[in-house]
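Peer 1: In order, the protein sequences belong to chains L and C. The first sequence runs 1 to 117 under my numbering. The second sequence runs 1 to 114 under my numbering.
Calculated directly from the structure, the hints in this document are not laboratory data. All figures in this text were calculated on a predicted structure; none of them were measured in a lab. The C-beta atom is built at its ideal place from N, Cα and C for all residues, glycine as well. Hints are supplied without guarantee of correctness; some may be wrong.
[Said to hold, decoys possible] Computed list of lysine to aspartate or glutamate pairs in DMTMM-like fashion (alpha-carbon distance at most 20 angstroms, straight line):
1. K73/L - E44/L
2. K3/L - E59/C
3. K3/L - D38/C
4. K70/L - E17/L
5. K9/C - D56/C
6. K112/L - D38/C
7. K9/C - E44/L
[Stated by the list, open to error] Examples of chain C residues lying across from chain L (beta carbon under 10 angstroms, computed):
8. Q37
9. Y64
10. A92
This is what each chain is made of:
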Amino acid sequence: AQKITQTQPGMFVQEKEAVTLDCTYDTSDPSYGLFWYKQPSSGEMIFLIYQGSYDQQNATEGRYSLNFQKARKSANLVISASQLGDSAMYFCAMREGAGDSNYQLIWGAGTKLIIKP
Amino acid sequence: NAGVTQTPKFQVLKTGQSMTLQCAQDMNHEYMSWYRQDPGMGLRLIHYSVGAGITDQGEVPNGYNVSRSTTEDFPLRLLSAAPSQTSVYFCASSRQPQGRNGYTFGSGTRLTVV
Chain L
1 AQKITQTQPG
11 MFVQEKEAVT
21 LDCTYDTSDP
31 SYGLFWYKQP
41 SSGEMIFLIY
51 QGSYDQQNAT
61 EGRYSLNFQK
71 ARKSANLVIS
81 ASQLGDSAMY
91 FCAMREGAGD
101 SNYQLIWGAG
111 TKLIIKP
Chain C
1 NAGVTQTPKF
11 QVLKTGQSMT
21 LQCAQDMNHE
31 YMSWYRQDPG
41 MGLRLIHYSV
51 GAGITDQGEV
61 PNGYNVSRST
71 TEDFPLRLLS
81 AAPSQTSVYF
91 CASSRQPQGR
101 NGYTFGSGTR
111 LTVV
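All chains should be modelled from the sequences, with the hints used to inform the complete structure.
Peer 2: Right, here's the structure in full:
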């Protein structure tokens with residue numbers, strides 16, 4: 001079974017609108033971390049935001065916020081006031097376990113976001 | 001500039017050839033890792049290291065070797081290249097394996113095996 005599912009292969013959004021990119025995950029470990037990365041056409045991977053399973057509040061970083069619904073096992077990325085420079089691939093990833101017991105990030109297949117002017 | 005440096009950016013190999021992908025970081029990060037990215041898939045972990053002299057296998061280690069003689073460098077060796085190893089390779093590092101502050105990625109190496 002897929003551990004990280006991103007159901008939207010591609011999205012078109014009008015500039016300045018808010019965007020929600022979906023991510024659902026599957027784990028039986030009570031301790032885990034969720035990450036979102038951006039990959040522009042230039043190819044580099046850019047870290048956006050992190051949510052820990054025990055974090056009391058949803059993570060926010062500037063225009064990025066994470067809609068974390070633990071019971072539903074979803075961690076959707078919200079981008080407010082989208083800009084043309086937000087056009088990129090977006091990846092959701094998960095690390096299971098606490099401490100130094102597990103080093104592997106499990107990645108979704110990504111969502112290609114295109115912002116229209 | 002501080003960060004993760006990968007070389008080369010592009011490489012074409014013939015089946016059976018060997019080569020080493022270089023990765024260096026100047027942030028004194030203990031944790032380093034190699035991922036491969038294939039079309040339509042997320043990244044998959046090949047090997048990782050939690051410090052100099054310590055390496056371990058990830059999800060897809062076959063056909064690859066690593067070593068970590070210094071904190072800064074983490075080269076990835078392809079022993080006998082196969083077309084299935086055509087991919088984009090990323091090196092990533094983090095101060096801690098938990099990576100709460102995210103992993104810093106290199107710019108990638110696009111490898112084609114013919």
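Peer 1: Evaluate each hint against the coordinates.
Peer 2: Here is how each hint holds up against the structure:
1. K73/L - E44/L: 28 angstroms, violated
2. K3/L - E59/C: Distance ~14 angstroms between K3/L and E59/C Cα, so the pair holds.
3. K3/L - D38/C: With Cα atoms ~17 angstroms apart, K3/L and D38/C stay inside 20 angstroms; holds.
4. K70/L - E17/L: Outside the cut-off at roughly 26 angstroms; violated.
5. K9/C - D56/C: 25 angstroms, violated
6. K112/L - D38/C: OK: K112/L and D38/C at ~15 angstroms, within 20 angstroms.
7. K9/C - E44/L: Answer holds: K9/C to E44/L is near 11 angstroms, not above 20 angstroms.
8. Q37: It holds, given that the least Cβ distance between Q37/C and chain L is near 9 angstroms, below 10 angstroms.
9. Y64: 15 angstroms, violated
10. A92: Holds - the Cβ of A92/C comes within 10 angstroms of chain L, reaching about 7 angstroms at its closest.
In summary, the structure is inconsistent with hints 1, 4, 5, 9 from the numbered list given earlier, while agreeing with the others.
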